[in-house]
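**Student:** Chain by chain, the residues:
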Amino acid sequence: MNDFMQQALAAAARSAPPWLEPLQARGREAWSKTSLPTRKTEAWKYTSLQALQKTFSAAPTQSAGSPLGDVPLPELSGPTLVFTDGHYRADLSTTELPAGLRLVRFADATSDQAERIAAALGSAILPGRHVFAPLNDATLTDGVFMDVPANTRIETPVHIAWLTTGQHESISVTQRLLVCLGENSGATLVESFANTATGGTAFTNGLTELLIGRGAQLNHYRLHLEQGDVVHIGGVHARQEADSVLNGFHLALGSALKRIDLVVNQQGPGAHCAVDGLYLPRGTETVDYHTCIEHAVPHCTSRERFRGIIADEASAVFNGRIHIHPQAQKTRAELSNKNLLTSNKAEINTKPELEIYADDVQCAHGATVAQLDPLTLHYLRTRGVPRDEAEVMLSYGFINELVEAVEQAELQAFLKPLLAHRFARDSRLTRHIL
Amino acid sequence: MLKIDNLHASVENKAILKGLDLAVGAGEVHAIMGPNGSGKSTLGHVLAGRPGYTVTAGSAQLLGQDLLTLDTEERAHLGLFLAYQYPVEIPGVSNMEFLKASVDAVREHRNEPALDSVSFMKQAREACKAVNLDQAFLKRGVNEGFSGGEKKRNELMQMMLLAPKLCIMDETDSGLDIDALQVVADGINAMRSPDRSFILVTHYQRLLNFIKPDRVHVLSGGRIVKSGDHSLALELEERGYAWLEDVA
Ligand SMILES: Nc1ncnc2c1ncn2[C@@H]1O[C@H](COP(=O)(O)OP(=O)(O)OP(=O)(O)O)[C@@H](O)[C@H]1O
Ligand SMILES: [Mg+2]
Numbered sequence: 001m002n003d004f005m006q007q008a009l010a011a012a013a014r015s016a017p018p019w020l021e022p023l024q025a026r027g028r029e030a031w032s033k034t035s036l037p038t039r040k041t042e043a044w045k046y047t048s049l050q051a052l053q054k055t056f057s058a059a060p061t062q063s064a065g066s067p068l069g070d071v072p073l074p075e076l077s078g079p080t081l082v083f084t085d086g087h088y089r090a091d092l093s094t095t096e097l098p099a100g101l102r103l104v105r106f107a108d109a110t111s112d113q114a115e116r117i118a119a120a121l122g123s124a125i126l127p128g129r130h131v132f133a134p135l136n137d138a139t140l141t142d143g144v145f146m147d148v149p150a151n152t153r154i155e156t157p158v159h160i161a162w163l164t165t166g167q168h169e170s171i172s173v174t175q176r177l178l179v180c181l182g183e184n185s186g187a188t189l190v191e192s193f194a195n196t197a198t199g200g201t202a203f204t205n206g207l208t209e210l211l212i213g214r215g216a217q218l219n220h221y222r223l224h225l226e227q228g229d230v231v232h233i234g235g236v237h238a239r240q241e242a243d244s245v246l247n248g249f250h251l252a253l254g255s256a257l258k259r260i261d262l263v264v265n266q267q268g269p270g271a272h273c274a275v276d277g278l279y280l281p282r283g284t285e286t287v288d289y290h291t292c293i294e295h296a297v298p299h300c301t302s303r304e305r306f307r308g309i310i311a312d313e314a315s316a317v318f319n320g321r322i323h324i325h326p327q328a329q330k331t332r333a334e335l336s337n338k339n340l341l342t343s344n345k346a347e348i349n350t351k352p353e354l355e356i357y358a359d360d361v362q363c364a365h366g367a368t369v370a371q372l373d374p375l376t377l378h379y380l381r382t383r384g385v386p387r388d389e390a391e392v393m394l395s396y397g398f399i400n401e402l403v404e405a406v407e408q409a410e411l412q413a414f415l416k417p418l419l420a421h422r423f424a425r426d427s428r429l430t431r432h433i434l
Numbered sequence: 435m436l437k438i439d440n441l442h443a444s445v446e447n448k449a450i451l452k453g454l455d456l457a458v459g460a461g462e463v464h465a466i467m468g469p470n471g472s473g474k475s476t477l478g479h480v481l482a483g484r485p486g487y488t489v490t491a492g493s494a495q496l497l498g499q500d501l502l503t504l505d506t507e508e509r510a511h512l513g514l515f516l517a518y519q520y521p522v523e524i525p526g527v528s529n530m531e532f533l534k535a536s537v538d539a540v541r542e543h544r545n546e547p548a549l550d551s552v553s554f555m556k557q558a559r560e561a562c563k564a565v566n567l568d569q570a571f572l573k574r575g576v577n578e579g580f581s582g583g584e585k586k587r588n589e590l591m592q593m594m595l596l597a598p599k600l601c602i603m604d605e606t607d608s609g610l611d612i613d614a615l616q617v618v619a620d621g622i623n624a625m626r627s628p629d630r631s632f633i634l635v636t637h638y639q640r641l642l643n644f645i646k647p648d649r650v651h652v653l654s655g656g657r658i659v660k661s662g663d664h665s666l667a668l669e670l671e672e673r674g675y676a677w678l679e680d681v682a
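First to last, the protein sequences are chains A and B. Our numbering puts the last residue of the first sequence at 434; the count rises by one with no breaks. Our numbering puts the last residue of the second sequence at 682; the count rises by one with no breaks.
Read the hints as simulated data drawn from the structure, not as lab findings. Treat the hints with care, as some may be off.
Stated by the list, open to error - Ranges of calculated distance between the beta carbons of each label pair, as one might list FRET restraints:
(1) B:S551 - A:S111: 57 to 63 angstroms
(2) B:T490 - A:K351: 18 to 24 angstroms
(3) A:R428 - B:V445: 31 to 37 angstroms
(4) A:K351 - B:N440: 52 to 58 angstroms
(5) A:D388 - B:D613: 38 to 44 angstroms
(6) A:L418 - B:S551: 18 to 24 angstroms
To be verified - Heads up, simulated EDC-like pairs for lysine to aspartate or glutamate below, C-alpha to C-alpha not over 16 angstroms straight-line:
(7) B:K573 - A:D312
(8) A:K345 - A:D312
(9) A:K40 - A:E29
(10) A:K416 - B:D568
(11) A:K330 - A:D312
(12) B:K563 - B:D648
(13) A:K330 - A:D243
(14) B:K556 - B:E542
(15) B:K573 - A:E404
Unchecked claim - One side of the interface only, derived from the structure: several residues of chain A facing chain B at Cβ under 10 angstroms:
(16) F4
(17) N349
(18) T376
(19) L377
(20) N400
(21) I433
From the three backbone atoms N, C-alpha and C, an ideal C-beta is built for every residue, glycine too.
Same shape as in the complex, but just chain B (with noise of 0.2 angstroms):
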């Protein structure tokens, strides 16, 4: 599915991922932990094409073509999603147009035939039901005002509408209660599939005691500097960071 091979980038010619190495197979969960400031949202905004993100050597593949020479929203038709840690707010536009600009533009560039405004209005509720958000939320600005757990859930409702092959999710369960936590990891759950694998950045284990994940990854300085499975996230939870070696 994914495959980055010494990854290199930088921000502002300052580098941030220095010889990443990492490979995801379909179906597949992987879960990334790491320090603050190590670089977890970097990777995922460099495999998205952020401007300002600058790959300096290396190379990344999604399903077997080359992700870095795409633009944003090829990669997107490819199949890669992107769950901010920080969604960003668009006044102005709604949520359900937004959807349905997103939508219409990845099925048809996936040659399937566009949803009538009735079907997609129907998928629509259902997605919002799945994560818990009242339909009125489709109306909004794209997560104009809304909290910060419901703004982590209008990016899994997007996810799951748009039925991605690669999702990245980005610290999906910081700032979430309990019940939406749960909500989250059904969400995530239901869509596992053998053609569809995530990438879980996290800080918490909890968030794997509800959606085990095959492999555990350190992101530190910039590298993963290790990994292994799920008992890798316990031991973390209970150790820290520090006792890795790497650690900035």
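Okay, chain A solo, but in the shape it has when bound (with noise of 0.2 angstroms):
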């Protein structure tokens, strides 16, 4: 038993919607079973929850005031839901919403809604996958349902914006995303979790399910954007039906620690998932990704790409899980993780993990971990690029690639710049990347 969400969990219990409570009981079951990983657990062998060794509490509700600040954003034509520090804020959003698209708050969800939803929460989540699933559900009272009906193809992006403003002290945040993709229906999502201002410490717990009906396609993009004190636990678990397509896109700036389990469970045959994500932690923070594809059916396919770069005393972890089950043939999964440290106390622990039961697949895997390469350095600074910008050019370059396939143009361009700014503030190093 875990008593640092103590008061969370009383809060939570006071004020969800009744026909959330069930869920919310069962949850909190579960979670009085549940000891907090610690490092002698495998999937958590390199990342301390010490963050997490002090009391959290629910954040009072703050509908409208707290001025966002100059909190990095991408503005994006499509419906808005902003909440801050886990409270909705109407003030904040923009809720016109594009034909045939549904989008709807469980605190203001209909008897037919939230039969719906209650049905279909933690649907997507294999048994045993998530550990920070059921204290997710124990704390639930509002997320966010977005319904894409069968046939409808949704072609602006839906952003959901998960925010803290760092206003108060050791706060829990829970966040909470269901999607349902109809059959051959399509839609863009984009998370962002920030942060508005980095003072205060929070402790952010972030579920997004994703059902993707057959023939159905969703772009994900996840952009992890906190910083500071922030501690970060998320999980994206997608099911998927035959022939439907997930591209995923995930970021993750550093902060005091982030977490995040991608588990894509494909169900029907033909399904195809292609993930694309980058990690940047600097200082002392860190950034754990935990992916698992798991290929459960026969001709079904999965792309994963991504790349780190670890800078300062940083540290990052990379686990990478592909299971092909015995009737999965005719499977193809690649794996692709690239690596580079920008220091020598910098620290990346990659690890590919394949278990295949099936003989008529392909799959492929690779990880690599390097530094700048002190004769591209060098080549750069023969043709008179000083040093400094043509140590920006290199790192900016190693993920280049994942984000010039980024397909949402509004999106690339709100990211280039974070990210060239990532490496140099000043604009005279980043003036030709961008």
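Relying on the hints, combine the two individually framed chains into one complex.
**Tutor:** Okay, structure coming up:
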């Protein structure tokens, strides 16, 4: 039993809509039997949860008022739902919806909607695969249900911004998103996690479930932009039906700790997923990505490309598991993880984990760890490029391929300067990459 | 232009250059020939300040300035250009942004106004055309997946855009097909001017039929062991290096 969330659990129990109570109760029950993973737990070997060794409580309601400051957020043309410290902010949200799309907050759900949400919540998560899922259930009072009916293609991106304000000390924030794509539907979803100021400390528990129907396509971008003392434990759990496509893009700038689990469960033949990811911790930050692709049926494909640049005394973990079940013949799976360490004290633990129980499959994987190549740096300098600019160009060059592959144009325009300035604030050093 | 006296240099504690003297006047073209492993590329790398190459004695001056105390980029700003025997691939950095960064840096140090992107694009396209590379090469990663000959032409394109004072071309003619050799020779000839000098490192007298050198040197065992005019290259082609003393 972990008592660091007692206040938050009690507060949630008081303020949930009645239909969520059974889910909360089940969550509380499961959480009470969960012990926090330690470094002896295999999946947490390199990541300490020391930061959770204090008491967190729910943040007070803030219906309006706290301004966003200069929080870096993409400006997208579609609807945007903004949450601050776990509370919905109507004043900051744009709720005009494209035809066909339903975007429902749990707190606002009609009884029909509530019934659907309650039935679907948790169904994308394979049993026991997300330690913090019961806690998310137990503290759930509001969340977002994105529902795309069959044969509906939504062109404009849907943006959910999960923000913390830094105004409160040691708050816990529960974030929950449920996405259902009906047969042959299509949508683009952007989730941004950011803090508007780096004061205070926050523990954010973000759980996203993606139910992707037969022949449907979801483009899902998950941007972790929190800085400072934020501890984010998050998960994306996807279930793909036959011939569906999941295109994922993940970004994690560092904060005290970010641990993100991505599990894609391919349940129907012909499903395809392609996930790109970037992690860029620096200072003493830690980013930990655990991905797992469950190839459960024949004729599915997956491709993962994760790149990390780890600076200063930061550390990162990339664990990429590919599980090809006995019946999953003709699977094609690719996994590539490349890391660049820009300091001698930076640390990366990368581990591809292949479990292949079918014989007629193609599976390619590779992981590399390197430092900036001195000869490449020298070559740039022989052409007159100053050393500091050359270093920025090479660092950005290391991730450039994945940035260029971001199809959503507004998002790419947002990401380029954000990432370039990650390597240098001085525009003299970034002018040739932007 | 360039004056090298008694240059000694080593790589990983192994002495490679052992008392090399060379003087190249403004506007001159010098060819350096010599056996494999004699130190020709080492000379270029030492002049460009490559890490791991240590000068143990001697001096090198470019335009009256001590080259050896300058940082690599400062040498480029002063007007030194080394076309690599084995150009480096830089995935993720496009040829275009690489060229713009180089040109901007060099122009800045010559107190020339920065080129706006339109005029730069125009120049880059012209340079592409001059070396017979498709414009698609501007968008690709620097040298990434380029064929051997394409890499050499890409080096020449950089040289054209940077307009250096001293161009050291390390076997730019190796691995080129006959047409490409003509393209490269035309490019170099078009750049010749009274205040620009060239050192052509080559194994083949063929290049020198296209570009007439003022002097031909033989580098062997880390030193210049013989110098002459164009006829020396013809003689080497016929007789090889064995007849020269000091051949390692
Ligand atoms: N890192 C190194 N460690 C040890 N020896 C080296 C190193 N780099 C170069 N050398 C040696 O230095 C010598 C000179 O090499 P260099 O590349 O200058 O020859 P070169 O005259 O250009 O030959 P080529 O005609 O084959 O291009 C060679 O014997 C080479 O093996
Ligand atoms: Mg050589």
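**Student:** Given the hinted pair K563 (chain B) and D648 (chain B), is their alpha-carbon gap at most 16 angstroms?
**Tutor:** Violated, at about 28 angstroms.
**Student:** Run the distance test for K573 (chain B) versus D312 (chain A): straight-line Cα separation, threshold 16 angstroms.
**Tutor:** 32 angstroms, violated
**Student:** Given the hint that K573 (chain B) pairs with E404 (chain A), does the C-alpha gap stay at or below 16 angstroms?
**Tutor:** It holds: about 12 angstroms lies between the C-alpha atoms, which stays within 16 angstroms.
**Student:** Given the range 18 to 24 angstroms, decide if the beta-carbon distance of T490 (chain B) to K351 (chain A) lies inside it.
**Tutor:** This hint is violated: roughly 46 angstroms between Cβ atoms.
**Student:** Are I433 (chain A) and chain B close enough, Cβ to Cβ, to be under 10 angstroms, as the hint says?
**Tutor:** 6 angstroms, holds
**Student:** Hint validation: L377 (chain A) versus chain B, beta carbon distance must be below 10 angstroms. Holds or violated?
**Tutor:** 9 angstroms, holds
**Student:** Given the hint of 38 to 44 angstroms, check if D388 (chain A) and D613 (chain B) actually sit that far apart at their C-beta atoms.
**Tutor:** About 41 angstroms separates the Cβ atoms of D388 (chain A) and D613 (chain B), which means 38 to 44 angstroms holds.
**Student:** For the pair supplied as a hint, K330 (chain A) and D312 (chain A), confirm whether the alpha-carbon distance does not exceed 16 angstroms.
**Tutor:** Cα-Cα ~43 angstroms, so violated.
**Student:** CA of K345 (chain A) to CA of D312 (chain A), is that 16 angstroms or under?
**Tutor:** 6 angstroms, holds
**Student:** Quick check on a hinted range of 18 to 24 angstroms for L418 (chain A) and S551 (chain B), using CB atoms only.
**Tutor:** Check passed, 22 angstroms falls within 18 to 24 angstroms.
**Student:** Can N349 (chain A) be said to touch chain B, with a Cβ gap under 10 angstroms?
**Tutor:** With Cβ-Cβ at 24 angstroms, over 10 angstroms, it is violated.
**Student:** Does 57 to 63 angstroms hold as the CB distance between S551 (chain B) and S111 (chain A), or does it fail?
**Tutor:** 59 angstroms, holds
In this structure, the hints that do not hold are numbers 2, 7, 9, 10, 11, 12, 14, 16 and 17, in rising order.
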